[in-house]
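Asker: One letter stands for each residue in the lines below.
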Amino acid sequence: MARFGMVIDTRKCVGCMDCVVACKTENDVPDGHCRDWIAKRVEGRMPDLRLTITSERCNHCDRPPCVTCCPTGASHVHDYGKVVLVDHGKCIGCKACVASCPYGARFMHPEGYADKCTFCIHRVEKGEQPACVEVCPTRCMTFGDLDDPESEVSRLIATHRHFVLKPDAGTKPRVFYLE
Amino acid sequence: MLELLTTRNNPMIDPVLHVWGWEIPVYLFLGGWVAGAMVLSGWLMRRDPDGARPSVWRLLPWVGLVLISLGMGALFLDLEHKLYVWRMYTTFQPTSPMSWGGWILIGVYPVLLLAGIAGMPPPLAEAWAPLGALARRLRQPDALRLLGLASIVLGVGLGIYTGILLSSLGARPLWASGALGPLFLVSGLSTGAAFAHMIARDPAEQSVLLRSDNLFLVTELGLIALFLIGLASAGAAQGQAAGMLLGGPYTAPFWVLVVGIGILLPLSIQLLMATHRIGHTLVAPVLVMAGGLALRFVIVAAGQASTWP
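Chains as they are written, first to last, in the numbering used here: chain A, 365 to 543; chain B, 838 to 1146.
Hint data in this document are derived by calculation from the structure and do not stem from the laboratory. We put the beta carbon where it would ideally sit given N, CA and C, even for glycine. Warning: the hint list may mix true and false statements.
Below are the BS3-like pairs computed for lysine-lysine, each with C-alpha atoms no more than 27 Å apart in a straight line [as the list claims (entries may be wrong)]:
| no. | chain 1 | residue 1 | chain 2 | residue 2 |
| --- | --- | --- | --- | --- |
| 1 | A | Lys376 | A | Lys388 |
| 2 | A | Lys376 | A | Lys536 |
| 3 | A | Lys388 | B | Lys919 |
| 4 | A | Lys388 | A | Lys530 |
| 5 | A | Lys376 | A | Lys454 |
| 6 | A | Lys536 | B | Lys919 |
Pair ranges (Cβ atoms, derived) [unchecked claim]:
| no. | chain 1 | residue 1 | chain 2 | residue 2 | range |
| --- | --- | --- | --- | --- | --- |
| 7 | A | Pro474 | B | Trp923 | 13 to 23 Å |
| 8 | A | Gly453 | B | Leu1109 | 55 to 65 Å |
| 9 | B | Gly910 | A | Thr523 | 53 to 63 Å |
| 10 | A | Glu489 | B | Ile1066 | 44 to 54 Å |
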């Protein structure tokens, strides 16, 4: 059984926002909302500054607090790829999952249900890549099965220095950033 | 230096989380109040199963029904997908305190209703024969004891769940404390006791409820201390969250409204009332109730603003 994850090479990401536009187009994300976004972190002291650009989204955590707090089971771990999804027809819009996500990855869709990145599971089930991965002009994003030691994502994690966002939150995120 | 720029600007998420407005604190307050009322009325019911005294427990269940309905109304207003609310009751999610709460509320209604019927004045209950028969059965000492026990158990469950609801959402360091459940329960008990001794007619019962409220308020102070010490001595994120109440932006509302006006001032007044140095007035119980409401508002707002670094 696959366990999908993503590896993003921060040395290649230029923050062009193609991934953001592709996601909005592919998933018909409503105006004023986004399922993925670009964050730019500047660290250090002049003149020794370091800029890290990250394309961020739902981390499809191995320990997803949004799933455990959901009162209706709308937030769930999908059988295929262990992707965290929301069943819109079960969501009552209580917003507990939004409050429970340390990454701010969820938002309330104007129609009333919680919404977020799905790793474009509708594309992946057809053998395609998520839209953001597909359009990235620098090829900084890699998507695949973390449980397959031969997959590209597993190889990248095994051979490169990497980090995850907010590790102290204890959610075991599955989006990894190469540094 | 760390400067963070993000292209994300989702409503209710950025720049800080603000998904819950007035509805959730009001619901948590009313839920706590009802929880306190249920525990106290259950206790009074079991204390006097023969119904010899004009006890306040006869009125509390009816007040509880009104309050919990208002609270659930606030909860309903907060939902973004209102027409799907029935989905709560097509499943039970054991890891979700909100699911537990939904089912506890289902149990609260019949127990409050039965307790209310048991406490109805006989001439009123007898106005409709089936109601009168039910009231007579419920007024039997054994039935009252059982009803009192159910009231206490459900009241404790309701009171604790309102705190655990927040503390189970791990993304907010201020809420990541096991003390929130007991704190909200005891705050609910003090609110319930304040209201009960405000409306109680029997001087002996009023005195017992007043002294109970004083005990609850002192316990609440202890739990607030434990809550803050626990956060401050945990990791960096919780320490930062505790700082929001210890010098940060929520310091004044927390210490002035919750601790000062909501606990210390009414406790001082009620200690004087308990020793008969001053008479009973509405001031102290109203302040206790206002403090309970302020506690929920401050904890909900500050918790949403706290985040993992």
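Asker: Now look at each hint and say whether the structure bears it out.
Answerer: The hints, checked one at a time:
The straight-line distance between the Cα atoms of Lys376 (chain A) and Lys388 (chain A) is roughly 22 Å, inside the 27 Å bound, and the hint therefore holds. Proposed proximity of Lys376 (chain A) and Lys536 (chain A) is supported: the alpha carbons are some 24 Å apart, at most 27 Å. Note on Lys388 (chain A) and Lys919 (chain B): the hinted pairing holds, with a Cα-Cα distance of about 26 Å set against a maximum of 27 Å. Restraint check for Lys388 (chain A) and Lys530 (chain A): the C-alpha separation of about 25 Å stays at or below 27 Å, so the hint holds.
For the suggested pair Lys376 (chain A) and Lys454 (chain A), the alpha carbons sit about 39 Å apart, so the restraint of at most 27 Å is broken. Distance hint between Lys536 (chain A) and Lys919 (chain B) is unfulfilled; the C-alpha atoms sit about 32 Å from each other, more than 27 Å. Taking 13 to 23 Å as the suggested C-beta distance range, the pair Pro474 (chain A) and Trp923 (chain B) conforms, at roughly 22 Å. The hinted range of 55 to 65 Å is satisfied by Gly453 (chain A) and Leu1109 (chain B), whose Cβ atoms lie roughly 58 Å apart.
Gly910 (chain B) and Thr523 (chain A) have their C-beta atoms about 57 Å apart, which keeps the hinted 53 to 63 Å range intact. The hinted window of 44 to 54 Å between Glu489 (chain A) and Ile1066 (chain B) holds, with their beta carbons roughly 50 Å apart.
The structure fails to meet hints 5 and 6 from the earlier list, while all remaining hints are met.
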